[in-house]
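S.K.: Here the sequence shown stands for residues 309 to 639, where the numbers follow my numbering.
Among the hints, erroneous ones may be present.
Cβ-Cβ distance ranges computed for the label pairs, FRET-style [claimed, not checked]:
no.: 1; residue 1: Thr627; residue 2: Leu411; range: 39 to 45 Å
no.: 2; residue 1: Val613; residue 2: Leu571; range: 14 to 20 Å
no.: 3; residue 1: Pro527; residue 2: Thr616; range: 27 to 33 Å
no.: 4; residue 1: Leu476; residue 2: Glu550; range: 43 to 49 Å
no.: 5; residue 1: Pro632; residue 2: Pro527; range: 48 to 54 Å
no.: 6; residue 1: Ala576; residue 2: Thr365; range: 48 to 54 Å
no.: 7; residue 1: Gly542; residue 2: Glu573; range: 19 to 25 Å
no.: 8; residue 1: Asp491; residue 2: Leu449; range: 15 to 21 Å
For the record, the hints were derived by calculation from the structure and aren't laboratory data. Positions of the beta carbon are idealized from the N, C-alpha and C atoms, including for glycine.
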Amino acid sequence: MKLTNKVDVLGGPRDTIEFPSPARTAAAVRRLAAVYPHTALPSIHEELVAVRRHATTLRAPGDPDDSRVDPLTKALARGVSAWALHDLGDTREALAMAQAGLLDAVVEARDPSAEVWLRGVQSLIAYRAGWVHEALRYARLGASVRDMGVGTASVWLHSLVALTQATLGDALAASAALRAAADARKSGRRDELDEIGGLLVFDPAEQSAYEALTRVFIPGAERRAIECGETALGMYASITPERYSSADEMIARVSIALAYANLDEIDATTEALRPVLRIEPSWRVDGLRSLVMLVHERLRRPMRVRETRVRELQEEIETFCQMPLSLDTHT
Numbered sequence: 309m310k311l312t313n314k315v316d317v318l319g320g321p322r323d324t325i326e327f328p329s330p331a332r333t334a335a336a337v338r339r340l341a342a343v344y345p346h347t348a349l350p351s352i353h354e355e356l357v358a359v360r361r362h363a364t365t366l367r368a369p370g371d372p373d374d375s376r377v378d379p380l381t382k383a384l385a386r387g388v389s390a391w392a393l394h395d396l397g398d399t400r401e402a403l404a405m406a407q408a409g410l411l412d413a414v415v416e417a418r419d420p421s422a423e424v425w426l427r428g429v430q431s432l433i434a435y436r437a438g439w440v441h442e443a444l445r446y447a448r449l450g451a452s453v454r455d456m457g458v459g460t461a462s463v464w465l466h467s468l469v470a471l472t473q474a475t476l477g478d479a480l481a482a483s484a485a486l487r488a489a490a491d492a493r494k495s496g497r498r499d500e501l502d503e504i505g506g507l508l509v510f511d512p513a514e515q516s517a518y519e520a521l522t523r524v525f526i527p528g529a530e531r532r533a534i535e536c537g538e539t540a541l542g543m544y545a546s547i548t549p550e551r552y553s554s555a556d557e558m559i560a561r562v563s564i565a566l567a568y569a570n571l572d573e574i575d576a577t578t579e580a581l582r583p584v585l586r587i588e589p590s591w592r593v594d595g596l597r598s599l600v601m602l603v604h605e606r607l608r609r610p611m612r613v614r615e616t617r618v619r620e621l622q623e624e625i626e627t628f629c630q631m632p633l634s635l636d637t638h639t
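Working from the sequences, and respecting the hints, build out all of it.
M.R.: Right, here's the structure in full:
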């Protein structure tokens, strides 16, 4: 079988894509998951679509077993594809893809680590769409999985519980979830997904970025939010390229800007947000634009309405959000 995409599923350009062996498909899915956080989506999107199609294509009942892609690879392919759809702003398709991946993980693969990770994907998608109660439900479902084999995905799910609770105004529940995330980190458990890395691992730098954003929504915790954000940035400044995550660095920077905006420190807000506003459109994923608009909202204060520096920053934010991530070919 052949697809019309002009990208090889293992990275080399060619006229057509031929379905490779299940082993090569599994390797391609894992490589895409690993490079996704530090690779602009337009450069890997065609390949991702091709790999996901092959990984999830139904085989005829009479096909040999060695022609079938394993269930975990199917689950991960759908999960990474859901993340990409989410970054492109297609929330409903992203959630549908994540749900299909979850079924692969639970029913076919019976893999608790993949189950927890896919619950995190669902929660993140719902949260950035503004469906915070739905995001909390997904996060709780993932955090409730009790399996000693689950690695850093459990830290992520507790962090998502904290973020959603804080956003809904429950500071006590958010603080408790932050402690649960810290406890999960102390366990030091790592699993197969952590070894793959990229989207599938939740590093300490990401945890600090999430805590920074969480504390932005807790009254009186702005200074602590700034500290957490700066801790994350310090880690990203010295992290190896394969462990870098553009999206999570931007979360840390926007969190610092939001905290300063809450404190009504306009110049500090502008300085914190400046690196975010300068990133190329190929990195302006939908979730980042929605976060940046929160800064715009926090600056809407009667006492500042006629201030030139506030208006100029808001206009910069609007310009940034008018140039979203797009693909020349969105398959």
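S.K.: Hint numbers the structure violates, sorted upward?
M.R.: The structure conflicts with hints 4, 5, although it agrees with all the remaining ones.
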